[in-house]
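Listed below are the residues making up each chain.
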Amino acid sequence: MPFNQKLLAAAMAVALLIFIVETVRRRKLREEYAWLWVLIGGIILVLALWPALLQLITVRLGIELPINTVFFFGLMFMVFINLHFSVKISELTNQVKRLAQELSLTEEKDGSPREEEER
Amino acid sequence: METSHPNLETLILIPVYNEGASIRVLVREIRELYPRIPVLVVDDGSRDNSAAEARAAGAVVIRHPFNLGDGAARQTGFLYALRGGFNCLVHLDGDRQHAPAEIARFVDALQQGEADLVVGSRFLGECAYQLSPGRKIGMKLFSLICSLVIRQKITDPTSGFRGINRRAMTVFTRGYYPQHFPDADVIISAHFRGLRIREIPITVSPTRSTSLHRGGTIFYYIYKMLLSTFVSSLRLKRDQIKF
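Heads up: the sequence lines are chains W and Z, in that order. First residue of the first sequence: 1, per my numbering; consecutive thereafter. First residue of the second sequence: 1, per my numbering; consecutive thereafter.
Chain W on its own, in the form it takes in the complex (with noise of 0.2 angstroms):
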């Protein structure tokens, strides 16, 4: 692997991960879904570093070029990673349903039901 091409790795995943920290210290992302995206940048940097070790798991997977291995497995990750937002974003509806109804059930008790807004 030349050097430029080494450099170019490495510093996309540094930045990824400084990007990530600064995200999660500005309170914009949540440290439990930081950790995913950790884990990605902390990969890239590792295989930029150490080629070696992607080459390794190419051909222990039987599978012929490197950028297949990176291929396969960042699909995985991303299908994993959307079935874990889709997993997310149902047990937000959940929670916003059982919300809204507590909420409706709240003001009939207290007999100060919404105007008729706009809505």
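To be clear, the hints were calculated from the coordinates, so they are not data collected in a lab. Note that CB positions come from ideal geometry on N, CA and C, so glycine has one too. It is possible that part of the hints are untrue.
Pair ranges (Cβ atoms, derived) [said to hold, decoys possible]:
#1 V14/W / R47/Z: 32 to 40 angstroms
#2 R60/W / P65/Z: 50 to 58 angstroms
#3 S233/Z / L75/W: 27 to 35 angstroms
#4 L144/Z / R60/W: 29 to 37 angstroms
#5 T106/W / A104/Z: 46 to 54 angstroms
#6 E64/W / L144/Z: 50 to 58 angstroms
Put chain Z on the given structure of chain W with help from the hints.
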């Protein structure tokens, strides 16, 4: 949280979404037939005057801040009934397709104590209108699936005219109750959570079609029903609710 009012036995629940044209007449009719039974209308974020119409006719009205789905509207009613100490709840659709005079049959069936969920079936009684062939096949399919899965004959799993007791209210509020299309999967998951189900005949009159099953929705409906039927029959022990 639970307060018990021994005088309050039964609650009539009507979930509505944009039923301003019919809800006042329906609530009036019910109030005249059963002056001592409170009527609760859950307005699922209607854009019309459904809530005001229902209130004018003498119903207790609960309004969702936005549209949540027909199942969620029923579930809000179940929560209200549970916390208000009601022992029976009968729910019917807001478009006047169900006959208020038949509410008493549900109350009787529940008070006999042999069922926790009483489902009104238009196919056991008189069906005053012809279903389109597509819907007919769909309904036959779902009643067949439902009957096979729970090993009890169910003729009308899509009926919105049902009665439940306190036990069923607890199961449907503490555990799963579908947010949309609460039809066959409610019956199946009720069965697997230990509720006893009974069907009684009802008369259904034709209404202006507010059917959701239009266009692509029918495919979503079939997919959703098959998946949730399958999943309901898988979830056994984890969903059991202790009383």
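We went through each hint and held it up to the structure:
Remark: the range hint 32 to 40 angstroms for V14/W to R47/Z is contradicted by a beta-carbon distance near 52 angstroms. For R60/W paired with P65/Z, a C-beta distance near 55 angstroms keeps the hint of 50 to 58 angstroms intact. Between S233/Z and L75/W the beta carbon distance is about 33 angstroms. The supplied range of 27 to 35 angstroms therefore holds. For the pair L144/Z and R60/W, the supplied restraint of 29 to 37 angstroms is violated, since their beta-carbon distance comes to about 51 angstroms.
Taken as a hint, the range 46 to 54 angstroms is violated for the pair T106/W and A104/Z, whose Cβ atoms sit roughly 32 angstroms apart. Between E64/W and L144/Z the beta carbon distance is about 51 angstroms. The supplied range of 50 to 58 angstroms therefore holds.
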